[in-house]
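Read top to bottom, the protein sequences are chains A and B. Quick note on numbering: the first sequence equals residues 1 to 117 in UniProt numbering. Quick note on numbering: the second sequence equals residues 1 to 181 in UniProt numbering.
Just to be clear, a hint being listed does not mean it is correct.
[Unchecked claim] One-sided excerpt, in silico: chain A residues whose CB lies under 7 angstroms from chain B: (1) 34; (2) 38; (3) 60; (4) 88; (5) 91; (6) 96; (7) 100; (8) 104; (9) 112.
Please keep in mind that the hints were generated in silico from the structure rather than gathered at the bench. All values derive from a computational prediction rather than experimental measurement. Ideal placement from N, C-alpha and C gives every residue a C-beta, glycine not left out.
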Amino acid sequence: MIPYLACVLLFLIGLYVVISKRNLIKIVIGFSLIEYAVNLFFALVGFKKGALAPIITQPEQVRMGVARNFVDPVPQALVLTAIVIGLSTTALMLSLAMRLYEKYKTFDISEIRRLKG
Amino acid sequence: MLELYLLLAVMLAAALVASETRNLLAAAVALGLVGFSVAIMFILAQAPDLAIVQIVVETLTVVFFTAVILRTTDVDTTVTQGLKMETAMFVAAFLAFGGLFLALIIGVLQEIPRFGEPVMRIAQEYVQLGLERTGAANIVSAIILDFRGYDTLGEATVLFTAVVGVLTVMRLASRKKPGEF
């Protein structure tokens, strides 16, 4: 229960950064925090006490029922691609922020809005 | 499980530092601290594949942030010294919202299996048949590339789109002369 709540808290911190900060880089950081919170939550949902990583070291293991002693591989498979996607979306947001800085010479979104007229 | 709780505390503290510091470079480093503690927690949660990917991705993330900050500015001008009335009221409102959100989430978390005891109905089949059907000893890669291959195809499309977006944004402005918008 406590690990889940820590994930929720990290999500809330990220949400706070996204909606309250006026600096573009801070907003990108907030999105990254939200993404980490969700990834970590999924990985922890699949965790099983005293279990091993889902890698079969000997084929006999499956027959002998050792396979029951694995953590849940499904959330791990879902998160694995989500991590890489998170990197690419972060890169996209950062490149947009850099172009905005080149045009307006500031990361402050209220300044950017004012200059637009 | 003590390590897990310590890392969760480090992660939350680093996230707060990343959100409140005035120096953007320090914020990027604090974000890296969050990401690497998540990577170590993946190892503790018996997810070595995730930990490897997270370490690589986190390194790249910090490098990207550093590259952008070094080309632009590293001072967050929106962070001011002292407490402003507007900020304090927003923080109070957000704390109220966060408290409500947490209360609802605690109610929801009672419904899902408790921490450390997952229901593995689908996973049981993947583990039993994974090696036989796909020939992959690593069940996670068997799921990604075989059982749920269409998921991976869709996510690869998103990845491709994002990369094309980055390339477009970075090229667009460099073709123009400086000073021209």
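### Violations among the numbered hints
1, 2, 3, 7, 8 and 9
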